[in-house]
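Using the sequences and the accompanying hints, generate a full structural model.
Just so you know, the protein sequences line up as chains H and L, in that order. Take the first sequence: its position 88, counting from 1, is numbered 160 in our numbering, and each next residue is one higher. Take the second sequence: its position 67, counting from 1, is numbered 139 in our numbering, and each next residue is one higher.
Remember, identical chains collapse to one label, so a pair may be satisfied in a single copy or spanning two.
When the alpha-carbon atoms are kept at most 30 Å apart in a straight line, the in silico DSSO-like pairs for lysine-lysine are as follows:
1. Lys-199 - Lys-108
2. Lys-174 - Lys-149
3. Lys-89 - Lys-108
4. Lys-107 - Lys-174
5. Lys-266 - Lys-199
6. Lys-199 - Lys-107
To be clear, the hints were calculated from the coordinates, so they are not data collected in a lab.
2 protein chains.
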Amino acid sequence: MGNATQDIENLIELMAKLPGLGPRSARRAVLHMIKKRALIMTPLADVLSEVAVTARECLNCGNVGTSDICDICEADKRATGELCVVEDVADLWAMERAGGFKGRYHVLGGTLSALDAVGPDDLQIPKLRDRVAAEGITEVILALNATVDGQTTAHYIADELEGSGVTVTTLAQGVPIGGELDYLDDGTISAALKARKSF
Amino acid sequence: MGNATQDIENLIELMAKLPGLGPRSARRAVLHMIKKRALIMTPLADVLSEVAVTARECLNCGNVGTSDICDICEADKRATGELCVVEDVADLWAMERAGGFKGRYHVLGGTLSALDAVGPDDLQIPKLRDRVAAEGITEVILALNATVDGQTTAHYIADELEGSGVTVTTLAQGVPIGGELDYLDDGTISAALKARKSF
Ligand SMILES: [Zn+2]
Ligand SMILES: [Zn+2]
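Below, the structure written as structure tokens:
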């Protein structure tokens, strides 16, 4: 970082911790911000300070927003009886961008993983059972990534919900093998949702 | 962005304007920050607010720091009579990381470009002449990128300085054709500097 003073060095180090940025792109980003101070840096500082205080996870579904219960959980019209289970918030946002789903979400916070010793109680699976009962859910849509861990998790949840009277579906073929939702174009997700099949 | 509230959407949009980040990586970065609030988001907001106020370009050389005259220009021991000319601040920082150069810098702010209609007066070339005279410079090292525009600019500056009594050198072969300084490993830059030759 050469002679950049301590604050600028700290800024570069923090930026380099973000996914997708390394030290070099962090330096470039910081120089770009300084050049575009009024357009980028000052507004970014302001909104970041704001969000650092206000951001919270929805106590009900795990979505990220700025209130204890997110807009989707608050909206009466989204109480359709359909509950879409996703691995993380980025996937929830990808589903929303794709459009077509009118119900609510449940963010697991990951997938089961023997390798990483992630069990059902490390995820929001117990809470999923509670919500299915409490919210009058009729269909659970498993929108998990088409990875080994994602599909293991889907099977586990389907087994767990057996006998609860709820229909369990999964996104249709169309999600490529090994594909992650957040990388897909909106049309693919949307088509896979429409063609969803019984699990 | 789904139902992320306005602040979070604004944050994602601003992050997506940084070089190296698109909308998708900006969303991932924002979710990561929110998850690592205490470790990343709050410190980042604080230091960004600080730097947005304090960052400035050195009035002498164009380096970015937090004072009107940067540490390198302030340091007496760097008044070696050597002046290293670079295209931008990232290149200056790359030279400093490489180590081995004990003099001062001059940031041009770009290269001459017929295509983009960048002429000498759009760059810090007039100021370079002034500094050479005022600061008792004996050697100007042209550390410009090995691109067509970089080399055109190097030739232009060498012509300009002819007759001024200053030695003009350039980084040795070792910088790959088409290569940009900020992409090179420190050793390559360092070796090229040591083997610099008369221009
Ligand atoms: Zn919610
Ligand atoms: Zn300076």
